[in-house]
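> Use these hints to put chain B onto chain X, whose structure you have.
Number of protein chains: 2
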Amino acid sequence: MTLYVNLAELLGSRIENGFYRPGDRLPSVRALSLEHGVSLSTVQQAYRVLEDSGLAAPKPKSGYFVPASRKAPALPAVGRPVQRPVDISQWEQVLDLIRVSPAHAITQLGRGMPDISSPTLKPLMRSLSQLSRKQSMPGLYYDNIHGVHTLREQIARLLLDSGCNLTANDLIITTGCHEALSASIRALCSPGDIVAVDSPSFFGAMQTLKGLGMKALEIPTDPITGISLEALELALEQWPIKAIQLTPSCNNPLGYVMPESRKRALLTLAQRFDVAIIEDDVYGDLAFNYPRPRTIKSFDEDGRVLLCSSFSKSLAPGLRVGWVAPGRYLERVLHMKYIGTGSTAPQPQLAIAEFLQSGHFEPHLRRMRTQYQRSRDQMIDWVMRYFPEGTRVSRPQGGFMLWVELAEDFDTLRLNRALLEYDVQIAVGSIFSASGKYRNCLRMNFAPKSTPEIENAVRKIGMMIEKMSAQTD
Amino acid sequence: MTLYVNLAELLGSRIENGFYRPGDRLPSVRALSLEHGVSLSTVQQAYRVLEDSGLAAPKPKSGYFVPASRKAPALPAVGRPVQRPVDISQWEQVLDLIRVSPAHAITQLGRGMPDISSPTLKPLMRSLSQLSRKQSMPGLYYDNIHGVHTLREQIARLLLDSGCNLTANDLIITTGCHEALSASIRALCSPGDIVAVDSPSFFGAMQTLKGLGMKALEIPTDPITGISLEALELALEQWPIKAIQLTPSCNNPLGYVMPESRKRALLTLAQRFDVAIIEDDVYGDLAFNYPRPRTIKSFDEDGRVLLCSSFSKSLAPGLRVGWVAPGRYLERVLHMKYIGTGSTAPQPQLAIAEFLQSGHFEPHLRRMRTQYQRSRDQMIDWVMRYFPEGTRVSRPQGGFMLWVELAEDFDTLRLNRALLEYDVQIAVGSIFSASGKYRNCLRMNFAPKSTPEIENAVRKIGMMIEKMSAQTD
Chain X
1 MTLYVNLAEL
11 LGSRIENGFY
21 RPGDRLPSVR
31 ALSLEHGVSL
41 STVQQAYRVL
51 EDSGLAAPKP
61 KSGYFVPASR
71 KAPALPAVGR
81 PVQRPVDISQ
91 WEQVLDLIRV
101 SPAHAITQLG
111 RGMPDISSPT
121 LKPLMRSLSQ
131 LSRKQSMPGL
141 YYDNIHGVHT
151 LREQIARLLL
161 DSGCNLTAND
171 LIITTGCHEA
181 LSASIRALCS
191 PGDIVAVDSP
201 SFFGAMQTLK
211 GLGMKALEIP
221 TDPITGISLE
231 ALELALEQWP
241 IKAIQLTPSC
251 NNPLGYVMPE
261 SRKRALLTLA
271 QRFDVAIIED
281 DVYGDLAFNY
291 PRPRTIKSFD
301 EDGRVLLCSS
311 FSKSLAPGLR
321 VGWVAPGRYL
331 ERVLHMKYIG
341 TGSTAPQPQL
351 AIAEFLQSGH
361 FEPHLRRMRT
371 QYQRSRDQMI
381 DWVMRYFPEG
391 TRVSRPQGGF
401 MLWVELAEDF
411 DTLRLNRALL
421 EYDVQIAVGS
431 IFSASGKYRN
441 CLRMNFAPKS
451 TPEIENAVRK
461 IGMMIEKMSA
471 QTD
Chain B
1 MTLYVNLAEL
11 LGSRIENGFY
21 RPGDRLPSVR
31 ALSLEHGVSL
41 STVQQAYRVL
51 EDSGLAAPKP
61 KSGYFVPASR
71 KAPALPAVGR
81 PVQRPVDISQ
91 WEQVLDLIRV
101 SPAHAITQLG
111 RGMPDISSPT
121 LKPLMRSLSQ
131 LSRKQSMPGL
141 YYDNIHGVHT
151 LREQIARLLL
161 DSGCNLTAND
171 LIITTGCHEA
181 LSASIRALCS
191 PGDIVAVDSP
201 SFFGAMQTLK
211 GLGMKALEIP
221 TDPITGISLE
231 ALELALEQWP
241 IKAIQLTPSC
251 NNPLGYVMPE
261 SRKRALLTLA
271 QRFDVAIIED
281 DVYGDLAFNY
291 PRPRTIKSFD
301 EDGRVLLCSS
311 FSKSLAPGLR
321 VGWVAPGRYL
331 ERVLHMKYIG
341 TGSTAPQPQL
351 AIAEFLQSGH
361 FEPHLRRMRT
371 QYQRSRDQMI
381 DWVMRYFPEG
391 TRVSRPQGGF
401 MLWVELAEDF
411 DTLRLNRALL
421 EYDVQIAVGS
431 IFSASGKYRN
441 CLRMNFAPKS
451 TPEIENAVRK
461 IGMMIEKMSA
471 QTD
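Protein chains in written order, with my numbering: chain X, 1 to 473; chain B, 1 to 473.
Check before you lean on any hint, since a few could be wrong.
Rough simulated footprint, nothing fancy, chain X against chain B, three-plus residues with beta-carbon under 8 Å [stated by the list, open to error]:
| id | segment |
| --- | --- |
| 1 | 211-221 |
| 2 | 287-294 |
| 3 | 456-463 |
Simulated coverage check for chain B against chain X, where a stretch passes if three residues somewhere in it have a Cβ under 8 Å from a Cβ of chain X [said to hold, decoys possible]:
| id | segment |
| --- | --- |
| 4 | 117-128 |
| 5 | 135-144 |
| 6 | 195-208 |
| 7 | 315-326 |
Simulated from the structure, these hints should not be mistaken for lab results.
Ideal Cβ placement from N, Cα and C applies to all residues, glycine included.
Same shape as in the complex, but just chain X (with noise of 0.2 Å):
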């Protein structure tokens, strides 16, 4: 990526996340290239970005303004989840959820599914193509319980962008990022045992701690910096937790990137109350902003992260291929691996190793990344149009999920079953708690390319809404 592409959205990011608010000066182009120890143009190049994306303004002799009539979503609202270890719900509306055949009748803005329109993917189906046509042992044999050696080799490589020295060796390929969550989740825990969960949290890794039996503490989260070390804290001096879980990078729903320093703050935590950390990072490749994040096992250095992720978001998640880096768990998680599903598929395995080898998945991300923060824009845009005033939404740093919070009182799961004659789905809220809060809440994907069809679909569910708020005024 070039130096003002770089800058541009590092500044982008500042405006948006609030550090510069509307109508206030931003840094001259001199100080900016003092700072960054980037040439004048660079930084005129990345003022002109800004300037095309609405996200600064020129004024005469006075420099750059974050525009005044920039009008910024309110951000959600920090949850109140119960302050204390629930057996986890919500498995009916999970049900609800993954029970859907992908349809085109269908506006499907519930699924965590990500855009595998683009051509950039062309070469992964070729050589599936291709590798499908041999009647070989490789494709269709057991392979290694650990996975295709060549796959961990380049995943090893992937996995230096964000911060982490690991070889093959200390990886363990999975079926999808599910299963790797699901077998560190058992590694870890025995029924009845306290995860730290964040909160708005993933519902597929809860419904696991519910299906073996475990209890989920959930933990205020931030919109924007994450999940409360302070609330942390205080849990972990009062209950016995086994382990957290949590998605720092492009958080699954709230779409926040967890600063760095609060990153190494967790894992001192950790370290301090010496608790586990399962990381799941499957969002982590497509942060708006380069380079992508660090993560929390980057930071790690007794093998207490268990750095979960998959090709799920960043390529198809038909393709389920997961993997995991257990650190010191690594004996036991690979148990776990073997008995939940024995060996994964070698032929999908094969072909990624392809992909990433031959150079493919860099442009693919840098695609997608583009993409996705453009849609984004776009669906906050019409959320904020369609939607009732008032309406708060979250504001993604990557990944391709919205989080919409509505008025207090307002039932997402009523407002599902409406939209079902309009043929459009979005994900409750509820099922992102693990005592069923969130109800006022959904989370929307804004993966695909903006369409009319799609603006349409938001319309329909801003009017849904407004129905529904006025039957119960």
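The following block gives chain B in isolation, referenced to the frame of chain X:
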């Protein structure tokens, strides 16, 4: 299958199972014609097949006899496992087996790999390749958590052959049979629970019990009729057994097909003590006799049988497509499947559905059954020729695994280590017991067509056994 082949197989299996002994007179042509309602010439044709395979010899004017010279190797003894629930060990030994990558340099007789070189698999590879070329929703997205609907329909049709009347909605697609077993066990049991298993038993299912903190109670198992119902009844009276987990058709590792009457009796026993049965049928479609054996599930009226299977043995393990018919436990198994891996990769499901729908599966199975039956006979011959006198071997009625029992004090763990220098590997017997029994046994794969290389490998194993036996003397 034509009538005479059918009849020849039936008679052949009776001879092989010792129902008719060497020197015995076989039923007359007329008697068989009446008994089976077929023509005299059909019976004569069947006898000619038996003549060719050395199982019957004509005596002028006296009819057919079992050749007196027919040397049937002794069967393995019925095991004497520990008669109480035990914690499962042997993970290190299993790991040795599953850590191996498929490599041409080594003659791998240890793993449960089918022969994947048959031309009857070509249409499957074509479908896979064509599907992979498409960058489309159904192949790359998350599918419905139940699995691809057309595949479930095809499997339901397939299950008719084993006597099951099920619909697509009774089935959940899983990531191999391994996940079917794992999700079933997790759905039924909690840590500390006792599960009764056949002994020897499939190590993968036992390791699942281990990983989930359950105890195994090994039930003595006859190499021809299967799990001892008498011992099982005693165990059910004595212990709070939660489930019975077994492979009654083409058992792994013993190869027997439990007679129908005993399958029914087992179910009655399970009803009486109100326990669930986890029935692993993964080799069931590879039974040498036609029609294939009925499953215990086919007699199940109150939904207590969870039928687990996959295409790993009948097509290829690398596809990782299995299924479970969980009866009354469907909702719970679905939750356990979801928390393990999410939904299963759709591409191989779609390809297999196409393969089944186009009628390619039956001819493929026919071919493989014939091949496996032939190579079974060849492998038994080699073992009898090259292994020490007194070696006992199983008489597999399907699948492609041979169980070999050596002198009581022989250690196959040491043997396998010594075989490394010969580039040959077997599966050690101890992994098939929860408590590490059967150290003097080994399992050998006879799936590939017989070749001089395989004969050579068997010869080397025999030599090494002789050498090690001499050392211990």
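> Compare the structure with each hint and give your call.
Against the structure, the hints come out as follows:
Residues of the segment 211-221 of chain B with a Cβ under 8 Å from some Cβ of chain X number 3, which satisfies the need for three, so the listed coverage holds. Counting residues of the segment 287-294 of chain B whose C-beta sits closer than 8 Å to any C-beta of chain X gives 0, which falls short of three, so the coverage hint is violated. Against chain X, the segment 456-463 of chain B contributes 0 residues with a C-beta closer than 8 Å to a partner C-beta. That does not satisfy the three-residue criterion, and the hint is violated. Residues of the segment 117-128 of chain B lying with their CB closer than 8 Å to a CB of chain X number 6, which satisfies the three-residue condition for coverage.
With a threshold of 8 Å between beta carbons, the proposed coverage of the segment 135-144 of chain B by chain X holds, since 9 of its residues qualify and at least three are required. Given as covered by chain X, the segment 195-208 of chain B passes the check, having 3 residues with a CB less than 8 Å from a CB of that chain where 3 are the minimum. Here's how the segment 315-326 of chain B fares: 5 of its residues keep a CB closer than 8 Å to some CB of chain X, so the rule of at least three is met and the hint holds.
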